[in-house]
Amino acid sequence: MTVQSSVSKNEEDVEGISKGDALDKETQLAKFERIRSAIRLNDVLALKSAAAEPGGLVEDTLRKESWPLILKIDPDLVPEASSQEEVEKHRYYQQVLMDVARSIRRFPPSIASEKRMNLQDKLVNVIMRVLVANPDLHYYQGYHDICVTVLLVVDGDEDLAFQIMNEISRTRLRVFMEETMKPTECQLNYIYAIFQAEDPKLRKFLERAECRVIFCLSWCLTWFGHDLENYSNLVRLYDLFLANDENQYLLPVYVAAAVVLSRSKSLQLQECSLPSVHSYLRDVLIDLDNHPSELEDCIFHAKKLHALYPVERLEQIEAEKRRQDEEYRRWRRSFLGMTLLRLKRVDWKSRGLAGAVLVLSVAIGYQMYRRSITSIAEA
Amino acid sequence: MTLLPDNAQLPALVHKHQKRTFKIIIIGDSNVGKTCLTFRFCAGRYPKKTEATIGVDFRERTLDIDGEQVTLQLWDTAGQERFRKSLVQHYYRNVNAVVFVYDVTNQSSFDELPLWIAECDTQCPGSKIPRILVGNKCDLADKIVVKTNDAQRFADQHNMPLFETSAADDSRSDHVEGIFLTLAHKLKNSKPMMSPSSSSWRSSSSEDRSREVGLKIALSGFRVSMTCFDL
Ligand SMILES: Nc1nc2c(ncn2[C@@H]2O[C@H](COP(=O)(O)OP(=O)(O)O)[C@@H](O)[C@H]2O)c(=O)[nH]1
Ligand SMILES: [Mg+2]
Numbered sequence: 001m002t003v004q005s006s007v008s009k010n011e012e013d014v015e016g017i018s019k020g021d022a023l024d025k026e027t028q029l030a031k032f033e034r035i036r037s038a039i040r041l042n043d044v045l046a047l048k049s050a051a052a053e054p055g056g057l058v059e060d061t062l063r064k065e066s067w068p069l070i071l072k073i074d075p076d077l078v079p080e081a082s083s084q085e086e087v088e089k090h091r092y093y094q095q096v097l098m099d100v101a102r103s104i105r106r107f108p109p110s111i112a113s114e115k116r117m118n119l120q121d122k123l124v125n126v127i128m129r130v131l132v133a134n135p136d137l138h139y140y141q142g143y144h145d146i147c148v149t150v151l152l153v154v155d156g157d158e159d160l161a162f163q164i165m166n167e168i169s170r171t172r173l174r175v176f177m178e179e180t181m182k183p184t185e186c187q188l189n190y191i192y193a194i195f196q197a198e199d200p201k202l203r204k205f206l207e208r209a210e211c212r213v214i215f216c217l218s219w220c221l222t223w224f225g226h227d228l229e230n231y232s233n234l235v236r237l238y239d240l241f242l243a244n245d246e247n248q249y250l251l252p253v254y255v256a257a258a259v260v261l262s263r264s265k266s267l268q269l270q271e272c273s274l275p276s277v278h279s280y281l282r283d284v285l286i287d288l289d290n291h292p293s294e295l296e297d298c299i300f301h302a303k304k305l306h307a308l309y310p311v312e313r314l315e316q317i318e319a320e321k322r323r324q325d326e327e328y329r330r331w332r333r334s335f336l337g338m339t340l341l342r343l344k345r346v347d348w349k350s351r352g353l354a355g356a357v358l359v360l361s362v363a364i365g366y367q368m369y370r371r372s373i374t375s376i377a378e379a
Numbered sequence: 001m002t003l004l005p006d007n008a009q010l011p012a013l014v015h016k017h018q019k020r021t022f023k024i025i026i027i028g029d030s031n032v033g034k035t036c037l038t039f040r041f042c043a044g045r046y047p048k049k050t051e052a053t054i055g056v057d058f059r060e061r062t063l064d065i066d067g068e069q070v071t072l073q074l075w076d077t078a079g080q081e082r083f084r085k086s087l088v089q090h091y092y093r094n095v096n097a098v099v100f101v102y103d104v105t106n107q108s109s110f111d112e113l114p115l116w117i118a119e120c121d122t123q124c125p126g127s128k129i130p131r132i133l134v135g136n137k138c139d140l141a142d143k144i145v146v147k148t149n150d151a152q153r154f155a156d157q158h159n160m161p162l163f164e165t166s167a168a169d170d171s172r173s174d175h176v177e178g179i180f181l182t183l184a185h186k187l188k189n190s191k192p193m194m195s196p197s198s199s200s201w202r203s204s205s206s207e208d209r210s211r212e213v214g215l216k217i218a219l220s221g222f223r224v225s226m227t228c229f230d231l
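The listed protein sequences correspond, in order, to chains B and X. Everything in the first sequence is counted per the UniProt record's numbering, starting at 1 for the first residue and increasing by one. Everything in the second sequence is counted per the UniProt record's numbering, starting at 1 for the first residue and increasing by one.
Hints were generated in silico from the structure; no laboratory data involved. Note that the Cβ used here is the ideal one computed from N, Cα and C, for glycine as well. Please note that the accuracy of each hint is not assured.
[Stated by the list, open to error] Straight-line Cα separation of at most 30 Å, DSS-like style, residue types lysine-lysine; simulated pairs:
no., chain 1, residue 1, chain 2, residue 2
1, B, K115, B, K204
2, X, K19, B, K349
3, B, K122, B, K64
4, X, K19, B, K344
5, B, K115, X, K143
6, X, K48, B, K115
7, B, K201, B, K349
8, B, K89, X, K49
9, B, K89, X, K143
10, B, K304, B, K204
[Unchecked claim] From the structure, some residues in chain X lie toward chain B, with a derived Cβ separation under 8 Å:
no., residue
11, S30
12, K49
13, V56
14, F58
15, G67
16, V70
17, Q73
18, R82
19, K85
20, L87
21, S173
Kindly produce the complete structure, drawing on both the sequences and the hints.
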């Protein structure tokens with residue numbers, strides 16, 4: 001009987017899976033059609049909502065047409081290329097060359113090396129064109145990770161890749177491209193406000209480990225391009241980041257927060273130090289990369305966090321935290337606070353010892369008091 | 001009653017079972033091979049595809065040195081200035097040793113070294129943490145532009161040993177290993193369980209010295225010049 005039921009359950013499972021797959025394919029097909037018609041109708045709102053849904057914009061042919069529409073780019077307005085001389089004397093040219101030369105992992109493994117090298121040349125061109133066109137923007141290591149993804153999605157169309165990168169560099173990536181990394185740090189610091197609201201213990205843990213924003217630096221700076229191996233997961237995230245234009249810079253931070261929050265408990269069992277947090281979270285991302293449904297859960301959670309805590313709310317949370325910290329500091333400076341805190345920091349052995357001394361001295365004092373009472377009485 | 005100071009931070013360095021962890025930062029210009037060197041030492045091979053480092057990466061390897069477990073925790077830093085500027089205090093906090101790397105085929109990576117050293121001096125003033133200088137990419141024999149003599153003079157001036165090596169050359173993989181092993185011995189024999197900055201590079205026992213000589217012989221096959229070691 002038990003055997004039979006287990007067999008029938010298995011069958012059900014198998015059927016369930018195949019059904020699910022069929023369903024998936026069907027919705028996939030329906031979605032494909034939906035996106036197609038949205039492209040035809042230039043329905044940007046429909047494209048944005050499709051981009052944010054699970055699975056994003058489904059495939060690169062659709063992305064190549066949708067992204068320019070979402071970003072309001074006119075593909076026919078071909079920009080002029082910058083002169084080779086201008087490019088070669090640019091202050092970031094050497095750095096770009098070095099980073100692009102080391103970007104081989106980012107190309108499909110099956111790609112012929114000639115084609116890859118051709119794409120790498122285009123990659124240099126795209127980056128340099130953006131930098132020349134926007135003298136106020138500064139190159140950072142990791143920017144090339146975003147460019148390579150865009151270039152792959154548009155199938156090597158250099159002009160289009162430039163237009164897309166030019167647009168997002170001026171908006172979504174601008175904060176990363178300031179002269180120093182200060183604005184980047186401020187931006188990523190919002191992750192702590194999210195933790196404060198959702199999981200204050202996690203925040204404390206990360207602060208004690210002195211992690212600052214290092215653990216999510218490459219995630220946010222490269223839109224996860226540096227850390228995800230699975231191309232379909234990556235472009236799905238890019239759909240999300242491009243589709244969003246409210247608090248447009250911040251969405252990667254919400255995704256990063258959701259990733260960390262999803263493993264908060266086990267993270268806090270690790271050694272409380274930056275290297276251990278960093279390696280642990282890197283493994284978490286690899287794990288999510290291998291389980292797209294879990295990654296999808298994180299994205300879902302990120303969108304929820306985004307709705308729940310817009311920037312203004314995060315700023316309130318931080319202000320409130322600062323006020324509490326200030327109050328705590330003032331309390332600590334007070335005499336009572338100082339004493340209590342000291343007691344709190346004393347380890348258990350000394351606490352035991354102090355307790356014993358206290359009990360003993362009270363006992364001795366009491367005895368002495370009784371003696372003096374009785375001796376007075378006797379007298 | 002033992003009251004710990006506000007910033008008491010013992011557990012990071014003193015592990016259970018006498019296992020000690022040493023924090024070593026790898027510093028130098030972009031593209032000189034910092035990531036490849038640390039990868040070679042920690043994973044035992046040359047990485048097939050390297051990538052630009054973003055911020056900082058961590059690699060570690062535990063060694064058994066005279067029966068004691070010693071973990072070298074390598075902080076592989078990004079060379080680009082913007083990362084350096086914002087993260088620099090992080091790098092130097094509680095650091096036990098610094099490895100400066102330049103590329104023997106790239107003169108400017110060598111010329112930048114004084115800046116790196118000045119930064120190190122301002123970040124940990126007055127401390128005598130061990131420092132070593134590594135010239136990488138020696139396998140590119142016909143492209144070498146930084147002369148050993150110049151590098152040696154520079155190393156002597158700054159009181160650190162020089163190693164010229166290659167992360168890429170498989171036949172010399174034990175050479176990279178040797179560099180870090182030397183460092184590990186040095187660190188292990190520094191005063192145990194003390195705050196890292198008080199460990200002294202030059203206070204080695206005679207036993208330690210003989211080991212260095214042994215190592216030196218083992219390494220001597222490959223353009224090694226480490227004359228300013230404790231000899
Ligand atoms: N020929 C040669 N190339 C190397 C060696 N070490 C690193 N490289 C190359 O130099 C480039 C930069 O290396 P990487 O470790 O990423 O440099 P980092 O920026 O200092 O971390 C990569 O393309 C490596 O393949 C070496 O010993 N010999
Ligand atoms: Mg590197």
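Hints versus structure:
1. A C-alpha spacing of about 49 Å is found between B:K115 and B:K204, which places the hinted pair above 30 Å, so the restraint is violated.
2. Taking the CA atoms of X:K19 and B:K349, the gap is about 24 Å. The hint holds against a cut of 30 Å.
3. Between the alpha carbons of B:K122 and B:K64 the distance comes to roughly 17 Å, so the proposed pair stays at or under 30 Å and holds.
4. Of the pairs offered as hints, the one joining X:K19 and B:K344 holds, with about 29 Å between alpha carbons and a cut-off of 30 Å not exceeded.
5. The suggested pairing of B:K115 with X:K143 holds, with an alpha-carbon distance near 28 Å, which does not exceed 30 Å.
6. For the proposed pair X:K48 and B:K115, the alpha carbon gap of about 19 Å is at most 30 Å, so the pair holds.
7. Between the alpha carbons of B:K201 and B:K349 the distance comes to roughly 26 Å, so the proposed pair stays at or under 30 Å and holds.
8. Annotation: proposed proximity of B:K89 to X:K49 holds, straight-line Cα distance about 28 Å (limit 30 Å).
9. At roughly 23 Å between alpha-carbon atoms, B:K89 and X:K143 fall within 30 Å of each other, so this suggested pair holds.
10. Straight-line distance between C-alpha atoms of B:K304 and B:K204 comes to about 23 Å, which keeps the hinted pair within the 30 Å bound.
11. Look at X:S30: its Cβ gets to within about 6 Å of chain B, closer than 8 Å, so that hint holds up.
12. Nearest Cβ of chain B to the Cβ of X:K49: about 4 Å, under the 8 Å cut. The hint holds.
13. Because the smallest distance between the Cβ of X:V56 and any Cβ of chain B comes to about 6 Å, under 8 Å, the interface hint for this residue holds.
14. Satisfaction of the interface hint for X:F58 is found here, the shortest Cβ-Cβ separation to chain B being roughly 4 Å, below the 8 Å cut-off.
15. For X:G67, the interface hint is violated, since its Cβ never comes within 8 Å of a Cβ in chain B; the closest pair sits about 24 Å apart.
16. For X:V70, the interface hint is violated, since its Cβ never comes within 8 Å of a Cβ in chain B; the closest pair sits about 16 Å apart.
17. A distance limit of 8 Å between C-beta atoms decides the matter here; for X:Q73 the minimum to chain B is near 6 Å, and the interface restraint holds.
18. For X:R82, the suggested interface contact is upheld, since its CB lies about 5 Å from the closest CB of chain B, less than 8 Å.
19. With a cut of 8 Å, the hint placing X:K85 at the interface with chain B holds, because the nearest CB-to-CB distance is about 6 Å.
20. Using the Cβ-Cβ criterion of 8 Å, the hint placing X:L87 at the interface with chain B is satisfied: the shortest such distance is roughly 7 Å.
21. Hint on X:S173 is violated. Least Cβ distance to chain B is approximately 21 Å, over the 8 Å limit.
Checked against the numbered hints above, the structure breaks hints 1, 15, 16, 21 and satisfies the rest.
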